[in-house]
Structures are given as C-alpha cells and as structure tokens.
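Keeping their order, the protein sequence lines are chains Y and X.
Heads up: the first sequence at position 280 corresponds to 287 in this note's numbering, and the numbers run straight through without jumps.
Heads up: the second sequence at position 136 corresponds to 143 in this note's numbering, and the numbers run straight through without jumps.
Derived by calculation from the structure, the hints in this document are not laboratory data.
Errors might be hidden in some of the hints.
As the list claims (entries may be wrong) - Now the in silico label distances, taken between C-beta atoms and shown as ranges:
1) X:Glu179 with Y:Asn138: 20 to 26 Å
2) Y:Lys118 with X:Lys229: 47 to 53 Å
3) X:Lys229 with Y:His97: 49 to 55 Å
4) Y:Asp274 with X:Tyr219: 45 to 51 Å
5) X:Ile334 with Y:Gln320: 28 to 34 Å
6) X:Glu159 with Y:Glu36: 31 to 37 Å
7) X:Leu268 with Y:His97: 38 to 44 Å
8) X:Ser214 with Y:Ile270: 40 to 46 Å
9) X:Ala143 with Y:Asn140: 53 to 59 Å
10) X:Arg124 with Y:Glu303: 45 to 51 Å
11) Y:Ala114 with X:Leu213: 56 to 62 Å
12) Y:Glu303 with X:Leu121: 55 to 61 Å
Said to hold, decoys possible - Restricting the straight-line Cα-Cα distance to at most 27 Å, the calculated cross-link-like pairs of lysine-lysine (BS3-like) are:
13) X:Lys229 with X:Lys314
14) Y:Lys319 with Y:Lys335
15) Y:Lys285 with X:Lys314
16) X:Lys147 with X:Lys69
17) Y:Lys319 with Y:Lys202
18) Y:Lys69 with X:Lys50
19) X:Lys42 with X:Lys147
20) X:Lys202 with Y:Lys67
21) X:Lys335 with X:Lys188
22) Y:Lys118 with X:Lys14
23) X:Lys69 with Y:Lys118
24) X:Lys147 with Y:Lys118
25) Y:Lys330 with Y:Lys285
26) X:Lys14 with X:Lys202
27) Y:Lys285 with X:Lys335
28) X:Lys14 with Y:Lys229
29) X:Lys335 with X:Lys44
30) Y:Lys285 with X:Lys69
31) Y:Lys118 with Y:Lys335
32) Y:Lys69 with Y:Lys314
33) Y:Lys147 with X:Lys330
34) X:Lys319 with X:Lys69
35) Y:Lys239 with X:Lys229
36) Y:Lys285 with X:Lys14
37) Y:Lys335 with X:Lys51
38) X:Lys50 with X:Lys14
39) X:Lys285 with X:Lys314
40) Y:Lys67 with X:Lys44
Ideal placement from N, C-alpha and C gives every residue a C-beta, glycine not left out.
There are 2 protein chains.
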Amino acid sequence: MSSITIKQLAYELNLSAATVSRALSDSYEISAATKQKVWDLAKKLNYEPNPSASTLRSHKSKTLAVIVPEIANNFFSQAINGIEEVSRQHGYHVLIYQTHDNSETEAAFIKSLLSGRVDGVLISVSSETGNSNHFADLNKNIPVVFFDRALEDIDAVKITTNDYESAYLATEHLIECGCNKIGYLFALNNLTAGKKRLSGYKDALLSNNIAYNENLVVICGKEESQNYSQIKDLLITNRPDGIISSIEELVLPCYAICRELNINIPDDLKIVSFSNLKTAPFLNPSLTTITQPAFEIGETAATLILKLLNNKQVDTGEDVVLKSALIKRGSTAV
Amino acid sequence: MSSITIKQLAYELNLSAATVSRALSDSYEISAATKQKVWDLAKKLNYEPNPSASTLRSHKSKTLAVIVPEIANNFFSQAINGIEEVSRQHGYHVLIYQTHDNSETEAAFIKSLLSGRVDGVLISVSSETGNSNHFADLNKNIPVVFFDRALEDIDAVKITTNDYESAYLATEHLIECGCNKIGYLFALNNLTAGKKRLSGYKDALLSNNIAYNENLVVICGKEESQNYSQIKDLLITNRPDGIISSIEELVLPCYAICRELNINIPDDLKIVSFSNLKTAPFLNPSLTTITQPAFEIGETAATLILKLLNNKQVDTGEDVVLKSALIKRGSTAV
Chain Y
8 MSSITIKQLA YELNLSAATV SRALSDSYEI SAATKQKVWD LAKKLNYEPN
58 PSASTLRSHK SKTLAVIVPE IANNFFSQAI NGIEEVSRQH GYHVLIYQTH
108 DNSETEAAFI KSLLSGRVDG VLISVSSETG NSNHFADLNK NIPVVFFDRA
158 LEDIDAVKIT TNDYESAYLA TEHLIECGCN KIGYLFALNN LTAGKKRLSG
208 YKDALLSNNI AYNENLVVIC GKEESQNYSQ IKDLLITNRP DGIISSIEEL
258 VLPCYAICRE LNINIPDDLK IVSFSNLKTA PFLNPSLTTI TQPAFEIGET
308 AATLILKLLN NKQVDTGEDV VLKSALIKRG STAV
Chain X
8 MSSITIKQLA YELNLSAATV SRALSDSYEI SAATKQKVWD LAKKLNYEPN
58 PSASTLRSHK SKTLAVIVPE IANNFFSQAI NGIEEVSRQH GYHVLIYQTH
108 DNSETEAAFI KSLLSGRVDG VLISVSSETG NSNHFADLNK NIPVVFFDRA
158 LEDIDAVKIT TNDYESAYLA TEHLIECGCN KIGYLFALNN LTAGKKRLSG
208 YKDALLSNNI AYNENLVVIC GKEESQNYSQ IKDLLITNRP DGIISSIEEL
258 VLPCYAICRE LNINIPDDLK IVSFSNLKTA PFLNPSLTTI TQPAFEIGET
308 AATLILKLLN NKQVDTGEDV VLKSALIKRG STAV
C-alpha cells in the first residue's frame, strides 16, 4: 500500500495541499498544466486517495438554491420548473428563495448559503442590486450561475436572452403597425437586461427616423402605485400611440388604466410586453408578447451548474444567450 | 449556586429528562398540570438552567420551509407572500419547496427536513397524497402547519377556507343566472378541500331541485392533456350551460376549448372558477371567481407556526377557517 499523502505531493511540487487536492479531483479552478503535473507525480509515486477522506470531501447536500425576485411571475416560475426538471434527473433537490427585488434580502440569503447548506446557487438578481459586492464570497466558495438578470462586474456563468434584439424587433413591429409615438416602460434600469432592452428600443427608433423622446420613457420601480400613477400620467398628458412594457408586471396596470381612461387597445394604443403570461392569449384584447424561453433558460442554467459541481470546466467568459420570440396578438392588431 | 440538574428533577418527579426539559421551556407538548409540577419543584430546589446547554437547545436555523404543489399558481404565490411577510417581521427566512403534486417528491422533501434544516414546516399537500403516513415523523419532531390542502387523519394545526359554502354559493349563483345543467370539474378528489367543494355543489343542486348527474362531473388529475380532452368531450357530447371549475388550473383550458368549439361565454356557457388569477378581470370575458384570501391564509399559517415555535399552546383540534369571496364578472353575466 502506498503511504504517499497529499501533503507530500504538495511539498514535492511546491504547491498548496488545497491546490493538489483540487487538481486530483479535476477541479475547474486548477489549470490544465498544473493538473497534469500533479497527476504525473501522483502516478509516479503511486499515490492512492484515502477513501474516508474522499467520502468526506464528496459529502454534498445534493441541494441547489434558486434565488429569484418573484415567484408570482410566469417567467421565473417556468425557469424554476426547467431548473427542477434537470435537477431531479440528477438527484438534486431545489430550494427556492424569493427576494421581492430587495437587495438586502438577497444579501442575507447569500450570507446564509455560505454555510454550505447547498452545493450550488442559481440566481436572477434583484432589480435593486447594482453591483456584485455581496456575491463575491459566494462565487469564491460555491458554484454560482446567473440567469436572465445577471451582473456585468462578476466573472461567473451567465444565461441571458437577446434583450437588445427583442426590444428592437418589438419597436419595429409597433412602427410597422403605424405607431410613431412609442412610449417605453423602463424597468430593471440597474441591470444589464434593462439597459439592453432600452438600447434596442432607442436604436429601432433611430433606424426608422423617429427621434428618441425621453418624455415618453417612464422609469418604473418597485412601488406599484407609483408606477400606476406615472403610466396614467403619461397616457393623460402625452398620449403615445404605442407602448413597450419591459417587464410583465407593468402590463396589467396598462390594461387597467386604459379601461379607466376609456382608451381602446389596440385602436388608440398598441401594447407589446416582455411577458410569459399564460393568460396572454385570453386577455381582452389578447396581448402581443416578447416571450422568453423561460423553461429552456432554467434547464440550461441547471445543466451548467451541474457541470461546475462535477468540476468540469465551464468557460465563464462566454455567456449563453437564448432567443426570445415576438408573438403578435390582438393588442397590436391593425 | 445551585447544582440541581434536569436529571435530578426528572428522578424526583418520576418523569423523563426530556419531559422535564420541555416543561421548563414551556413546550406546548407538555400538559399544564405536568408543567406546574416541574416548575414547583424547580423553584423549591432552586434549579438554575445551565446557560450553555440552553444556548445549545435554542440553536435554531431561523428558517421555515413552505411546501406547495405549484408556485405558478396565484393562490400559492400569494399565500407564500403572506407567510414571508410575517416571517420577515420575526427574523425568519423562508425556503420554498415545490412538489408538482407528486407525493413521492413531497415525501422526499419531508425526509430531508427531518435533519433539522428548518425550525418549522408549512405545507399544502400534494393532490396525490391520500394519507398522512409520510408526515408522521415530521409532526413528532418539528412544528407543522397545514394550509388550504390539509389531511384529515393528522393531529396538526390546519388553516382552510369555507370550501363547502363557496362551492354551494357558486352553484346557486349559476342557477340564479338561469343555468340548470351545471358541469363540475372535480380536482383534489383525494383531499378534504376537493371533497367539500364537490359536496357544496351537490347540495346546492339538491336544494334547488336539480338532480345530481355524475355524467356532468369530470374527474381531473395531473395530466393536462387528459383534462383537456375530457372537458372537451363533455362540452361536445353532453353540453352543460354552466361550469364550476374547482381549481384555477382548469379554467384556461375551458376558455381554449370554448374558442375551439365556438362556444360563447357567457351566452352558451357560464363559468365560475376557484381562482386567485390576477388577470381574471382582464380575460375575455372577465372571469367570475371564488377568490380565496390567500395572503391572509399565509399570514395566519405563519403566525400560528411562530406560536408553536415559541412553545405556545395552539389548539390543534380546532381548524382555522377563513372565508372566500364570490366575485361576479363577465363569464356569468346574464
């Protein structure tokens, strides 16, 4: 029997024991060159892993955490279903955390997860979260995958959709339907997704020789009543002939305000919304949507985190970008 | 300093140490008479708790688990929001588990929770779960509160709504609107809630001299496509003039089938559904609903579990029953 230990390998190679240990378990954190050096020496010296230590190291909770802003949102509930589908196939449980778009709640969850309660974290960040400060420790210790609402300043795997292109196409669709005064309900203004959607809208206007008018942009936040009164104000004082809602939560208020003000959709006002609402085809009128491939996003996110958990290399530099679909319905009929 | 221990108190009183310990912490599991005996002797012998042991005993995760069939359901997402609201005020985190109405998944979650990951469990049971077998160990070890979908054969705190009365009133509403051939979409047939809803429907028919006809009752399960074809079959072969949907998930299929078959709602068919859909007022036509006080159910469930966690007595014999509201809209207009 070999009596070579990880410490001895580390000493011989002038590496830390932790690095050798990770190299032996084929961790993605260790470079291919270092792994090769470690494996070569281990083979040469007939290193045999200590089985009980190995069991201890592989003692996993077999649980993933999913952190989302809201579960009462069809995009997130469908994405979670996709995550669960893949997780279940690999024997993982899924715990769901809801931040209600509160950055403090999110930070508190992250802190509680550092104790090793779960093996990996899938997160769609709160709209209040402007930087990755509270993710730094987590990302060092536990595999993290961001989906849909990601942060720019963190080196992690990110699954997003073609936000820029989707908003661009939605704007062009409204222009094709005859709109030339298009309002924009701007949410997620801290996040890449929100910024890209706004850029798509702006660029589509410019390409069609329509001047961008910031008075037609309503910056929406977490306060439902404030969003409601701001949108109503736009429709009363500076009525657009089309509206793009950058999140699902703003579209029912639009319908309610139009009823209140006797504005006919689509004759007086056409509406497109980013939305995975199951009821979209049954609304009065049915709603034209930019529908994200929510279930597929969840599946992809789960597949990638399971790869990370198996110490496989995942290139964090290259985001996975899936495509949304523009589904034309009654709210933009001509 | 006193040197009296829990063991000595237990020996003197001929009780187990565990019972004395629970009595000293005012646990709801110990009778008032036993507690009094323990407290009297502890006082007489100047018993002082060991502070480090007490810290150990009170080492809590400050986390509650909520287990629901589906998060993509407005009733459950609103109930979870109510649970979170109360939990947050008391410094508790909430973990959400989704069973997809699968009894095995539910049992696996329950088993994983026995390890003490959470301090308490709030659950709305899967529609597949016919008895309380897999809850028995949990209920002995961790406070459990059932909400909405409860089981009859378990002695635990239960928060439900007036299911019988709601279905009764919905049926009478359809009769008042002129219906006399009322179909019933029967879900949750394993659960008390489902059985009570069906009874309310039957009794309202009888009170109005309409014979109960089992051919108008569609037993719906988890298979969406099967539910769809069964409902369609009813509407083709034995068309009712009114329908009561006993769960929210069945109402969009009804709308879709009516479109497919060119059945006008409400002229040809009136529809009422148990539903907390936010889009109900904006559907085409707007949907008459039996709306459960979901947020309040969640708040009540959380308040009661926190009472249990503080070792306060909660009478498990008496269920809390909250009232739903019948909200009349376009789908039952005359």
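Numbers of the earlier hints that this structure fails to satisfy, in rising order: Failing hints, ascending: 1, 2, 3, 5, 6, 9, 10, 12, 13, 14, 15, 17, 18, 20, 22, 24, 26, 28, 29, 30, 31, 33, 35, 36, 37, 39, 40.
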